[in-house]
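From first to last, the protein sequence lines are chains A and B.
Residue numbering for the first sequence is 221 to 478, as defined by my numbering.
Residue numbering for the second sequence is 84 to 339, as defined by my numbering.
Just so you know, the hints here were simulated from the structure itself, not pulled from any lab data.
Here a beta-carbon is modelled for each residue, glycine too, at the ideal position from N, C-alpha and C.
It is possible that part of the hints are untrue.
[What the hints assert, rightly or not] Restricting the straight-line Cα-Cα distance to at most 27 Å, the calculated cross-link-like pairs of lysine-lysine (DSSO-like) are:
| no. | chain 1 | residue 1 | chain 2 | residue 2 |
| --- | --- | --- | --- | --- |
| 1 | B | LYS321 | A | LYS472 |
| 2 | A | LYS377 | B | LYS282 |
| 3 | A | LYS380 | B | LYS321 |
| 4 | A | LYS377 | B | LYS302 |
[To be verified] The following residues of chain A were derived to be distant from chain B, with all beta-carbon distances above 12 Å:
| no. | residue |
| --- | --- |
| 5 | SER257 |
| 6 | GLN280 |
| 7 | SER315 |
| 8 | LYS322 |
| 9 | GLU348 |
| 10 | LYS380 |
| 11 | GLY420 |
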Amino acid sequence: MEVKIKTKNKTFSFSIQEKAVNGITGSHYEELVDGISLKDILETEMTLDGKKLNRDEMRQYKQKIGLVSQEMDSICFRYKVYEYLYQRMRTNRVSLKDPRKKVMDTLKVVGLDVTYLNRDIQDLSSSERKLIQFGSVLMFNPEMIIMINPLEGFDRKTKKRIFSLIQKMKDLYDKTILFVSNQPDLLYQYTDYLIVEKNGILLEGETKEVYQQVDFLKKNKILLPEIVELTDLLRKKGMNIDYHRDLRDLMKDIYKHV
Amino acid sequence: MNDAIKISHFYYQNLFDNFSLLIPKDQFVTFSGPNNCGKTTLIRILSREVIVDGDIEIEGERINTYSISSYSMLVGCVIPLEKEFEENCLEDELYLYTNDSKRIDWILRGLSLKSIRHKDISRLSSFEFVLCQLAVELVKSLKILLIDDISSYFEKNELYKILSFLKKYQKKEENTILYTTQVLEESLYTDYLYIMDEKKISLEGFPLEVLENDAKINKIGLDLPFMIDLSVKLKDYKLLDSIELDKNRMVDALWK
């Protein structure tokens with residue numbers, strides 16, 4: 221999908237790969253994300269695949285976008301899980317026919333059991349809250365889900381759990397995912413495509429290929445994944461190794477050559 | 084000499100089972116562990132946000148014997164986004180706790196907050212808010228500062244600048260900082276590392292030494308810092324003699 225967004229200060233032109241995990245990173249990615257999520261429709265112009273959307277079309281498109289912010293709003297902490305998800309159904313005009321079943325199905329999808337229904341949100345761990353946030357967005361069946369720093373602050377086991385849910389959303393539910401982060405190691409490991417923002421769109425493409433443009437990214441002060449940085453240094457020294465995503469593959473390649 | 088924090092054979096809910104912890108004075112320590120292991124709960128207990136029974140001593144006195152005012156002058160706490168500021172801007176807030184403008188300047192410079200010292204607190208971004216929380220606690224001259232899991236609010240390089248400043252601050256103030264995180268790389272900026280697992284301290288020691296226990300750390304569910312992970316594996320294959328944190332030096336060692 222070819223996207224052109226014009227906000228108050230900037231114009232962005234880029235591609236979003238549908239039914240894929242698209243990474244977004246850069247110095248002012250917030251403005252790009254605000255544009256894509258149509259945070260302020262009055263100040264935004266959006267063109268999709270060459271067609272400029274009018275205000276009504278933008279409002280309709282906005283309803284197809286789900287946003288998972290980095291932190292749950294602290295105002296939600298006064299609710300129990302069921303109350304929070306029910307409120308989200310009402311806000312997003314999801315059908316309230318049998319809301320309890322809808323909430324239970326949502327919990328099941330995100331890997332939580334029904335005992336969570338009556339738990340206070342403030343008593344949940346950060347990973348449990350993150351899963352509830354995903355659930356609250358999945359309930360209204362968006363086509364695109366924008367996630368701000370979805371894996372940061374989690375241990376390895378929890379990252380795997382959250383990422384397998386992201387994969388499920390992409391593979392089983394055909395969602396287009398925008399994974400917004402400034403952590404290059406996470407973007408390298410978990411995204412299929414990457415959009416790098418710096419005073420506009422600097423670079424975009426398959427994540428592995430984008431990060432291999434090491435000198436260009438360094439010149440533009442874009443942080444690199446550590447595994448890529450080290451591989452680049454070894455290649456410049458004369459070691460003929462490939463770029464890998466997994467440390468064990470890099471290890472094997474180094475062992476072959478040393 | 085009393086320790087800063089002493090917890091002995093502590094039991095609490097499903098998180099701490101015969102848990103003991105001894106943190107000497109004048110140390111910058113990291114307390115790590117997987118999600119839900121009790122890092123934040125420990126901070127809440129030590130800040131007295133959660134009142135518990137148990138053998139917990141702060142600076143040699145049982146935690147529950149301090150008055151509210153005396154405890155607030157002794158122990159400070161930063162839990163991200165959990166604070167009500169009294170004033171509209173950071174500078175005014177800092178002057179509530181000290182009249183020492185040099186001290187305020189030093190802290191604002193150290194945390195790169197000079198440009199937002201007069202900004203309306205209600206308009207701060209999340210990471211600016213967390214930095215302001217930190218600034219307020221640093222200005223107070225506390226004996227013990229508890230900092231809970233701030234890493235996800237900052238880019239790596241920004242966080243390392245903050246940690247470098249905290250290290251200088253701790254050395255100058257000769258106080259104790261207990262910093263929780265599960266990003267083990269951050270522990271390299273601190274003096275000592277505790278890793279919690281299964282309701283107890285599972286590993287402890289100087290950070291670089293602890294981090295060589297890659298198998299155990301992976302089993303606990305934490306990610307090793309990339310360079311340490313690779314170094315340990317290359318050491319096992321006899322391709323490196325020691326842990327190497329610098330990429331250029333590692334490359335020189337591998338490809339002579």
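So, going through the hints one by one against the coordinates:
1. B:LYS321 with A:LYS472: holds, 13 Å
2. A:LYS377 with B:LYS282: holds, 17 Å
3. A:LYS380 with B:LYS321: violated, 31 Å
4. A:LYS377 with B:LYS302: With a Cα-Cα distance of about 10 Å, the restraint between LYS377 of chain A and LYS302 of chain B holds, given a limit of 27 Å.
5. SER257: holds, 17 Å
6. GLN280: holds, 30 Å
7. SER315: At about 34 Å from chain B, SER315 of chain A clears the 12 Å cut-off, so the statement holds.
8. LYS322: Per Cβ check, LYS322 of chain A is outside 12 Å of chain B; nearest 27 Å; holds.
9. GLU348: It is violated; GLU348 of chain A is separated from chain B by about 8 Å at its closest Cβ, not greater than 12 Å.
10. LYS380: violated, 9 Å
11. GLY420: GLY420 of chain A is indeed farther than 12 Å from all Cβ atoms of chain B, at 20 Å.
In summary, the numbered hints that this structure violates are 3, 9, 10.
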